[in-house]
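*Asks:* What follows is each chain in one-letter form.
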Amino acid sequence: MGTGRGKWVLVACFCLGTSAIAQDEAPAHTAASSGQQQEDSRAIRTREFLGLGRIPDAKMAAEGAKIFGPTCGFCHGADARGGSGPDLLRSSVVLDDNQGELIGQTVRNGRPAKGMPAFPSLSDEQLRDIAEYLHQQVELTANRGTYKLLNIVTGNPQAGEAYFNGEGKCNTCHSATGDLAHIGSKMKPPELQQAFLYPAAADRSSPPKVTVTLPDGSHLEGTLKHLDDFYVSLDDAQGNYHSIPLQKGVAVKVEDQLEFHRQMLDKYTNQQMHDLTAYLVTLK
Amino acid sequence: MKSFLACLLAVLPAVSLAQGLQPQQLLQKEPTNTWPTYNGDYSGRRFSPLTQIQTGNVHRLALSWMYRVRIPSGPMRGVGEPDIKCTPLMVNGILYFTVPDHVFALDAHTGQKLWQYDWVDKGGHLVGNRGLGMYGDWLYFLAPDGWFISLEAKTGKERWRQKVADEKMQYFTTGAPMVVGHHVIVGVGGDAIDVPGYLEARDPVTGQLQWRWNSEPSKGEPGSETWPDENAMRHGGGMTWLPGTYDPELNLLYWGTGNANPVMAGQGRKGADLWTCSIVALNADSGKLVWYFQGSPHDTHDWDNTETPVLFDAKIDGKPRKLLAQAARNGYFFVLDRTNGESIVSKPYVPLNWSKGLDARGEPVPDPQKQPTVDGNLLTINGAGGTNWMPPSYSPQTELFYVNAFRGYSVTYLTDTSEHPEGYGGSIHTLWTQHVLEALDYKTGNVKWSHAYSTAMGTNGVGLGGPGVLTTGGGLLFSGDYFGNFIAFNSANGEILWHFSMLHSLGNGPETYTLDGRQYVVAGGGDTLYVFALNE
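So the protein lines, in turn, are chains A and B.
According to our numbering, the residues represented by the first sequence are -19 to 264, in order.
According to our numbering, the residues represented by the second sequence are 66 to 601, in order.
Check the hints yourself; a few may be wrong.
[To be verified] Output of the computed footprint for chain B on chain A, the stretches with three or more beta carbons under 8 Å from beta carbons of chain B: (1) 195 to 208; (2) 216 to 226; (3) 234 to 244.
[To be verified] A few chain A residues that face chain B, going by a derived Cβ cut-off under 7 Å, partial list only: (4) A38; (5) M40; (6) Y127; (7) P188.
Bear in mind the hints are in silico, worked out from the structure with no lab data behind them.
For every residue, glycine included, the Cβ atom is placed at its ideal position computed from N, Cα and C.
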């Protein structure tokens, strides 16, 4: 076993009718809402992974923010990240607190020894809201699943268009009025940027095509199902499944639609990437 | 060495070591009938001289038994099914291994379970657990929420527990405690809210603190000049979450430290940020820093430098040297003189473009143009770095260093632009990945041979899991791909000699030992432990 196994190779296919960006028709206009759901579920999953406990109540936190700003912000900063007073996002009173039991007591009684005044007039409800605001601020910092990218569209769309049709050779396979029409409405800028750089496996328009040459010289062609060092498997045009051990004399050729995208990753400058992003975003 | 022996002599009469693991056994190089620590021995080489299984007969390697983890609580918080990332201990015919929150003892002959210890955590990350430390008849385990727990090896009964880290501050504990003389070395993890890293030595009898080394200097101490202010330094990260290695003759512990905090937004911590992203050499009895080498000065890419510092003696320019080698997460292969930290080789083992070259100490110089930006910065290197925690191996037989590497590209974003950012402050998106097993020449860092795995089925989303490497005197290298295959290679040239298709991909460092004269190879994949031996 194991000697003289067949070889597999990846063959770039530069003539793709479809591409990763092009195939986004699937959940077209639901993209915005499903994107939101994805963001929420990412935040919840990350929170669970980090062991951050329950999710802060957004309504209470919004009420708390209104009180926190004028009451506490002067010393602790409006975002609670500290000023003349300590950074509360890194405070054990906040991190050990669950529903205001520690924070509320501290705010109501103050910490005279450390120069923090008491706030005896705040109601229980107000103290709970302040606590919730602090937990939310912790959440937005500690839970990286909540992070949102800022404005990534900083490039020059005209330069991006020139690159698309010129040096980048994007127009060899793609068209602004064809497969990429309205792409700027279908995808948010970060998704668009990441998809043109290199699409996620799940975003592929179709699985790679494979040709397997057998020791007797005959060929099998179809859609690649699996390829490792030991087996290749595929579905042929009739839908029949084939699994072929990679023994001596077996050759595997995979036509990878995305090889050109991968090669471009060695070529883009940041400026070209940003210009191209800016251009694609204009394809509303 | 003197102090180490003194410690041993001092403690031997006090505890009963009749049946368990004698601390002296840990001084044994390349043990064959036991696997008594995370790395097998203190060197971190993960090389076994055993030859019963070798290139000529490995095709007869077959499954002896397997054991599937069952935990009472159902799917684990935030991670789902249990994933074995530990390297089990095998002592006196018993295998001791872990998943987060759980410890198991199995009869190594049959896989029959002897006992199971279940912890109910109150937080921490369940991302993995690297295993156990053992001293006499006692085991040491880190629960994810900062509890350092000692168990009776015979029964799994808890002896005591000590709190070593605060999970409310987002510390978590995944390491395998490391027994060195009369110390149990315990590291910590956690980088969500900018806490400082540290490493502790605890008393094996009581669990009490013996010494603590902090990943950041105190105000005014050497190293503090690499931070802008005390506040940045106190929140600077530098976690110690993977087991280190130890040279008994020099009495030095070698430990890797994690990324600086805030993780990706470095504008509030301008400077090199010592001793984050470093290899540090500490006196094992005092915890005092003897030397350091910083793999990623001012890291802004989450590239923990915690990967195993592997120790071996070999020739450089014809002269025998005491060496330390590390394939760092930032994509560089480092070879140092482990007596003093002097750089011998610093060379990328995967394509990368984040560095402008090396400084006079052999440390990479980060390119300011390649740090995370709001609109995205394209990098040549995988988002997770060139490798991760997966144990590498060094074979004195081939004089090659083996690492499972990632080639790739990523784009990095800055999301916190404030003057004093907190938390991660950014994100990394991996664009393309190829897994490749590399064999590196320690003298040059050149790739002697490599085995790249197929990318045809898609390559995004490399998680933290991954295959470790074991090499043996039988000319073999055991590792795995990401398709579930556990594979034996010829360690000299990378030829594949054998494989076994597991239910999950290899997720730990494989190990080997003899039991009743028979050589076994153990691998963990997902929730299942697989034990192999030659068909008779």
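*Asks:* Would you mind marking each hint as holding or not holding in the structure?
*Replies:* Here is what the structure says about each hint:
1. Under the rule that three or more residues need a Cβ within less than 8 Å of chain B, the assignment of the segment 195 to 208 of chain A holds, with 4 such residues.
2. Figure legend: the segment 216 to 226 of chain A, annotated as covered by chain B; annotation inconsistent (0 residues with Cβ-Cβ distances under 8 Å, at least 3 required).
3. With 3 residues bearing a CB less than 8 Å from a CB of chain B, the segment 234 to 244 of chain A meets the requirement of three and the coverage assertion stands.
4. Hint status for A38 (chain A) relative to chain B: violated, with the closest Cβ pair at about 19 Å, above 7 Å.
5. For M40 (chain A), the interface hint is violated, since its Cβ never comes within 7 Å of a Cβ in chain B; the closest pair sits about 21 Å apart.
6. With its C-beta approaching chain B no nearer than about 5 Å, Y127 (chain A) sits inside the 7 Å limit, and its interface hint holds.
7. Hint on P188 (chain A) holds. Least Cβ distance to chain B is approximately 6 Å, under the 7 Å limit.
Violated hints, listed in ascending order, are 2, 4, 5; each of the other numbered hints is respected by the structure.
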